[in-house]
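Be aware that the sequence shown starts at 0, since it is given in numbering that gives the first Met the number 0, and climbs by one per residue.
A couple of the hints might just be wrong.
Derived pair list, reagent style DSSO-like, types lysine-lysine, alpha-carbon separation capped at 30 Å [unchecked claim]:
no., residue 1, residue 2
1, LYS694, LYS510
2, LYS295, LYS273
3, LYS417, LYS490
4, LYS562, LYS472
5, LYS490, LYS474
6, LYS476, LYS417
7, LYS154, LYS490
8, LYS295, LYS472
9, LYS472, LYS417
10, LYS273, LYS199
11, LYS154, LYS199
12, LYS474, LYS295
13, LYS490, LYS199
14, LYS476, LYS295
15, LYS295, LYS154
16, LYS510, LYS472
17, LYS476, LYS154
18, LYS417, LYS474
19, LYS490, LYS472
20, LYS694, LYS562
Rather than coming from a laboratory, the hints here were simulated on the basis of the structure.
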Amino acid sequence: MAQEPSTYAFAGGLDLVSAALAVPPSRVIAGMNYEPLAEGYGRVDGYERFDGRGAPSEASFWLLPFDNGTIAINSGADILGVTSGATARVILEPVDFTGSWAHGSAAGTLVLANVVGTFEDNEEIEVGGTSRALAAGPSTEDSAPTEAARQTYLKAAQSYRRSLIQKPPGSGPTRGVFGLAGTIYAIRDNVGGDAAVLWKATSYGWAQVPLGWIAPFTTGLLEVIEGEELTGGTSGATATVNRVVRNSGDWGTDAAGYLMLEVTSGTMTAEVLKRGTDSVVTLTGIEATAIAPGGKYRTIGHNFYGSADRYAIYGVSGAGQGFEFDGTVYTPISTGMPDDRPTRVFEIANHLGLVYPGGSVQISSIGEPLIWDVVTDASELGFGTEVTDVIQAAETAVVLFGQQKIGIFTGTDSDTFKLEELTEEAGAEPDTAQRIGQTVYIDRRGMRSLAATQAFGNFKTGTLSLLVEPYFKSKRKSGAVPVLSYVSRTKGQYRLIWSDRTGMAVYMGGKNPEFIPFSLGMQPYCAGACEMNDGTEGIFIGADDGFVYRIDSGTSQDGVGIKGFIMTPFNSLGSPRREDRIHSMIVEMQAPPTARIGVTAQFNYGDGSQPIAGKRDFTVQGAGDGIDFIVAGGGGDWDIALWDEFYWSSPVESQAIADIDGAGLNVSFIIAADSDELEEAHILQAYTVYHSPRKMQR
């Protein structure tokens with residue numbers, strides 16, 4: 000009988016609740032480390048450690064032939080070309096080795112990284128000031144006799160680059176990470192754990208950001224100008240004024256506040272500061288600016304001032320005072336609260352907002368995020384319960400979330416600010432609210448939208464995650480809790496991270512949200528994002544292990560290859576009671592030339608009455624001994640060890656075919672990837688099943 004093709008485009012994401020016969024074939028009933036995209040289901044991108052130096056995925060290698068070797072040159076050696084002055088690090092033991100070091104006849108090829116300069120033919124190669132061999136030609140970049148050798152050398156180069164990238168020095172997790180003007184900053188407790196340190200990512204790694212000195216003042220007889228240099232009337236020490244914060248009083252009489260100083264000479268004390276011979280202010284003290292240890296940092300970026308160059312980051316941690324940081328000057332924000340440790344930060348109508356324990360919401364003076372004086376429009380409101388998250392819904396509207404309460408804060412100044420309760424029947428888990436086209440958040444029932452909350456309250460019909468409700472339920476049962484969320488604007492995704500190193504990618508660009516979970520090799524603690532200098536989106540995770548990782552970067556999970564799978568619904572191919580023989584399956588996809596993907600079929604809801612479809616009878620270049628997954632879903636667990644495998648041999652092609660030989664009332668396909676650490680991500684777009692009808696079951 001003629002074979003019939005049935006084609007299905009991948010879309011819709013994970014469906015764990017629909018009846019088996021009702022699940023659209025485009026969805027999946029199980030999956031991990033694939034993500035829903037506009038084009039279909041993509042194997043997740045990698046992540047890699049970051050400190051400002053070149054990414055491991057951007058590393059390259061060089062080959063330098065040598066001869067007349069007299070002393071061994073081993074992996075890890077730093078070499079110098081005596082004539083050229085070129086330098087490099089040896090990253091593997093010499094390849095293609097012949098001869099003997101002892102007899103002065105050693106020859107072969109050095110595999111190098113971090114080459115600076117150009118090695119010259121026949122020059123001496125030194126290690127530690129001692130000549131070891133002669134170069135037998137110039138070094139060549141990214142060149143190898145075979146593809147297998149090239150991958151070996153490239154892995155070694157990436158591994159070496161990865162080993163250079165360090166954590167921000169200190170102890171505990173990285174507690175904050177944010178971007179400003181394309182530069183990434185991180186906050187981590189020091190080694191002793193008694194203070195936190197601000198670090199800047201540079202081309203040579205993490206560099207500590209000097210915080211300067213904070214000096215409270217009274218008796219402001221003359222207005223202090225930012226950028227000027229003042230002299231201590233007693234000590235003679237000099238200091239540059241980086242920031243002026245006047246909390247009360249008037250210049251000329253009783254102005255009081257604090258200065259952020261960079262002491263340029265001497266030791267300044269509590270004394271009168273002078274401009275020439277004129278007394279300006281009286282310092283009541285001066286101390287090195289310190290950041291309190293602990294907490295988790297949440298930040299926003301905004302320009303509250305008239306000048307175009309005053310865009311800054313505003314952050315809070317719940318462990319110490321809030322701060323302003325413009326890339327140069329770090330300024331603690333003193334609101335006058337008895338316990339000045341805000342937990343959330345936002346902006347509304349050009350006012351800075353800080354949230355404190357107990358639901359106190361403090362609003363700064365308009366256009367003055369460092370001034371909290373009621374005379375200049377500062378104000379306070381009460382939310383009535385602990386605030387778990389804050390989201391900017393519009394220029395003059397902010398959503399405040401509690402565990403079981405949602406309020407809308409609106410207005411333009413202290414006369415019009417008001418906080419209206421939206422509901423006391425719904426709330427958000429901490430750090431789960433994001434705005435991506437609509438405001439979404441996680442509560443104890445799953446993922447919800449603000450619009451759904453307004454329409455339905457805390458009823459199940461208001462959730463966006465009905466199709467994956469069992470997944471959220473299993474997380475709650477296991478004790479895993481959400482720890483953070485972030486948005487990938489490039490991919491149109493909301494991503495949620497749990498406390499068990501797993502997450503959920505939610506594509507928000509379609510009619511309905513689409514969900515597929517992913518797993519990580521590290522535990523995120525905080526997140527931040529910004530536009531990088533090259534125009535790309537930079538998403539960064541501060542992890543429990545202290546490293547900062549860039550997300551959606553590289554082809555591996557910090558050097559480890561990525562495994563993932565999706566499982567299609569059990570498809571009856573048009574007739575639930577008709578048995579069909581499955582002949583083959585064609586997958587349409589975007590994939591790199593070296594993609595290694597496996598496929599296997601299950602019949603009759605995986606009841607075990609038919610064996611897993613046998614392995615395809617041909618040799619697959621690059622394939623190993625199979626992919627071993629425990630796949631759960633659709634009514635059973637299967638230990639999948641036999642796979643039909645196809646090798647994607649050309650990026651120009653659009654299809655890959657796997658022979659399937661089996662029959663049943665329905666069929667499900669499991670497509671799995673066991674990606675090498677150098678393998679780029681692929682996207683599964685659609686699949687076609689070739690089948691022929693057999694007999695009806697009555």
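- Task: Would you mind confirming whether the straight-line C-alpha gap from LYS295 to LYS472 stays at or under 30 Å?
- Result: Cα-Cα ~26 Å, so holds.
- Take a quick look at whether LYS417 and LYS490 sit within 30 Å of each other, Cα to Cα. violated, 36 Å
- Query: When you check the alpha-carbon spacing of LYS510 and LYS472, does it fall within 30 Å?
  - Reply: Distance of about 24 Å is within 30 Å: holds.
- If you draw a straight line from the CA of LYS476 to the CA of LYS417, is it 30 Å or shorter? violated, 39 Å
- Message: Holds or violated: LYS562 and LYS472, Cα atoms, limit 30 Å.
- Response: Answer holds: LYS562 to LYS472 is near 25 Å, not above 30 Å.
- Would you mind confirming whether the straight-line C-alpha gap from LYS295 to LYS154 stays at or under 30 Å? At roughly 35 Å apart (the allowed maximum being 30 Å), LYS154 and LYS295 break the hint.
- Pair hint outcome, LYS490 versus LYS472 [Cα-Cα no greater than 30 Å]: holds, 27 Å
- Holds or violated: LYS474 to LYS295, with C-alpha atoms at most 30 Å apart: holds, 23 Å
- Item | Hint consistency between LYS476 and LYS295 [alpha-carbon to alpha-carbon, up to 30 Å] | This hinted pair holds, its Cα atoms lying about 26 Å apart.
- Message: LYS476 and LYS154 were given as a pair; does the straight-line alpha-carbon distance stay at or below 30 Å?
- Response: violated, 40 Å
- Message: Hint check: LYS694 vs LYS562, CA-CA at most 30 Å. Holds or violated?
- Response: Given pair LYS694, LYS562 is violated - Cα atoms ~38 Å apart, limit 30 Å.
- Does the alpha-carbon distance linking LYS694 and LYS510 stay inside the 30 Å limit? Distance ~38 Å between LYS694 and LYS510 Cα, so the pair is violated.
Violated hints, in rising order: 1, 2, 3, 6, 9, 10, 15, 17, 18 and 20; the structure is consistent with all others.
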